[in-house]
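Residue numbers (the working numbering), protein chains in the order written: chain B, -3 to 384; chain P, -3 to 384.
A portion of the hints provided could be inaccurate.
Where chains are identical, the list cannot tell them apart; a pair therefore holds if satisfied intra-copy or between any two copies.
[Stated by the list, open to error] DMTMM-like, lysine to aspartate or glutamate: derived pairs with alpha carbons at most 25 Å apart:
{"hint": "1", "residue 1": "K372", "residue 2": "E198"}
{"hint": "2", "residue 1": "K104", "residue 2": "E330"}
{"hint": "3", "residue 1": "K333", "residue 2": "D66"}
{"hint": "4", "residue 1": "K352", "residue 2": "D231"}
{"hint": "5", "residue 1": "K160", "residue 2": "D93"}
Hint data in this document are derived by calculation from the structure and do not stem from the laboratory.
Source: prediction; values computed, not measured.
Number of protein chains: 2
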Amino acid sequence: MKFNPFHQKIGIIGGGQLGKMLIESGLPWNVAYNVLDPDAHAPARRYADTFIHGPLVSKEHILGLAEISDILTYEIEHIDVETLIELKALGKRIIPDPEVLRIIQNKKFQKEFYASNNLETTQFRIVQSMNDVASAIETLSGEKFVIKSAQGGYDGKGVWIVPKSEILNGKLDLPPMEYVVEEFVENATEIAVIVARSQDGEIEAYPCVEMEFDPKLNLVDHLFAPANISSALEDSLKDLATRAVQKLDGVGVFAVELFVDQSGAIFINEIAPRPHNSGHQTIEGNTTSQYEQLNRILLNLPLGKTDLLGPVVMMNLLGQEGVEGDYTLTGLEELFKTPKANLHWYNKTSTRPGRKMGHLTVRADSVEIALQHARKIRRALQMKPFTR
Amino acid sequence: MKFNPFHQKIGIIGGGQLGKMLIESGLPWNVAYNVLDPDAHAPARRYADTFIHGPLVSKEHILGLAEISDILTYEIEHIDVETLIELKALGKRIIPDPEVLRIIQNKKFQKEFYASNNLETTQFRIVQSMNDVASAIETLSGEKFVIKSAQGGYDGKGVWIVPKSEILNGKLDLPPMEYVVEEFVENATEIAVIVARSQDGEIEAYPCVEMEFDPKLNLVDHLFAPANISSALEDSLKDLATRAVQKLDGVGVFAVELFVDQSGAIFINEIAPRPHNSGHQTIEGNTTSQYEQLNRILLNLPLGKTDLLGPVVMMNLLGQEGVEGDYTLTGLEELFKTPKANLHWYNKTSTRPGRKMGHLTVRADSVEIALQHARKIRRALQMKPFTR
């Protein structure tokens, strides 16, 4: 076989579960992937054509990946963007564009981008140290605030929700760095919209999903689609998400997280320039998964349809309290007895509390029934400490 | 991670497209596969943990595969069954059982098995050479007969449909060996039923699919589900297929091919003890694919539901006339523009006319519409000779 669109090698910076599922989606077309990851046991390693073992912020390793790949993409934001910008200048195809990543990597840049492009977002102030937070909130409203480190936050880390009283009492104790201080949306409905935009500018938004967070871990506990919102609100949210990706001039798959407050006002929270936890359920729940969609975009093929096939729930399977390191997975029977239940297990060799170890999706005639099934399956699945 | 059901290594004898799709279906669970195949470019090779390059009838190579695998299965019948029987005696888990394979490998044994177990099949005679065919058909009826070599037939090879006149004229010229001579079912509707049976004896039949053959190649051109038959007939066919697998005491996935004649009488034609071309569309068209089902069976997990999600067409993509060896694949646009169309391309490095190079499935609101889409896509897809 000689050159055809599938014959291009894709280099993925990052070899976690997102990379793994991207590869899985490309196997029916025989697309080959190279993977860079610092973890020798990275989930995507087994099916990589070439695995490069090295840091995601290492110029040398990213250049090495670029050399053996026709197209570069990334499944994590915390990578060496300057090297990507240099590679782009040399003509390398990088999707999404590193200039988009540069904005998204920094939460200050992200917020300023929304504000300057009339993309509805919560009011915010930028502060250069914790000492400035008290004066910043004088011009904001509410009894709670969200404080985010401008750089380096990830997976619920680097984000704090703090009561006004605690700020005014001077009880806050965070390391010295730049922060975004935002108004907190009380009792928000949290929505995600996956937006796909092709190299030709074709754009498709997936149906809204509604997310329920684990309050302790600040991670998605589960999500469901269709979201429990009016179709007018669904349209507004998809429109806002679509406008954001268009303004970014982004090519790729983008996860747009949004808030709806009690009055129905909508706010863009964050964008991830990659497939996302909030789109896992598209594998079984939608005509085209977010992973296939990214493969189509990378290979410059037309976008697939994004419609929902029916009610679906996605539930994260996080490392349980009290189990660290080696583990064994038990209680699979319930999962395999449940119709239209699917497991994705990420092949991480060790567990720790709160670590994303896998997820499950359940389809049913209603979100409620799917959720009941998913809860029952998750209760049965146990990661047990492994003892010889 | 330590022992759990997914942690067993599966050894597959044969590394063609069936092995490839079996592996793809196990990746979300991180199942590891070893593959034995004589072709250094076997489709399943890329994602095999260990690839053993060797003949499928070589004792030494099958023992090598067994040594590094917890469970053995096969994706082709023409393998060394005696070695499997020895391995079974030593306690190796082999699914399906090699005694089942021994019956199926030989078309005489298969026919005699159906006849002796009251499984409706066409009338037949066994002959030891071509010279005996004329006398054999004296006791059969019809104007055409099917002649099959008892051993070694595969993928439409080793099967001839011959008019009575040609046999009586002595025009038939086939190599000296044992043959099955069967009555030919005129204007038959050809149906396949995939039957899955677990290690615990749990059994599930997939909905009937109706097959249209390419008359020249004697290969499936396309198939569709639901079949265009009454529900009473659907039930009878599923019942016959199920009884056949139960009588075989088979564990695994079995493709049962059946005929329906113009009067509505049904006949079992052949059984393949593995996932089959006639079950490819279960990947997109059914709750559980034939490949996931076999993985569940191999890992001793409960069977999944087999229900059809909606009308589906599967169309084979065969090597085109006039193109041999190196090729390039063009005309993908139509495929990617069509909603609910999926391509599986088998990663064969060279083509030849009639070779199974890939398949596509299309889902739509009706079989008719799906078939229109599939035809349009196939017309657009072209394998062109590759010239530098």
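Check: Failing hints, ascending?
Finding: 2, 4 and 5
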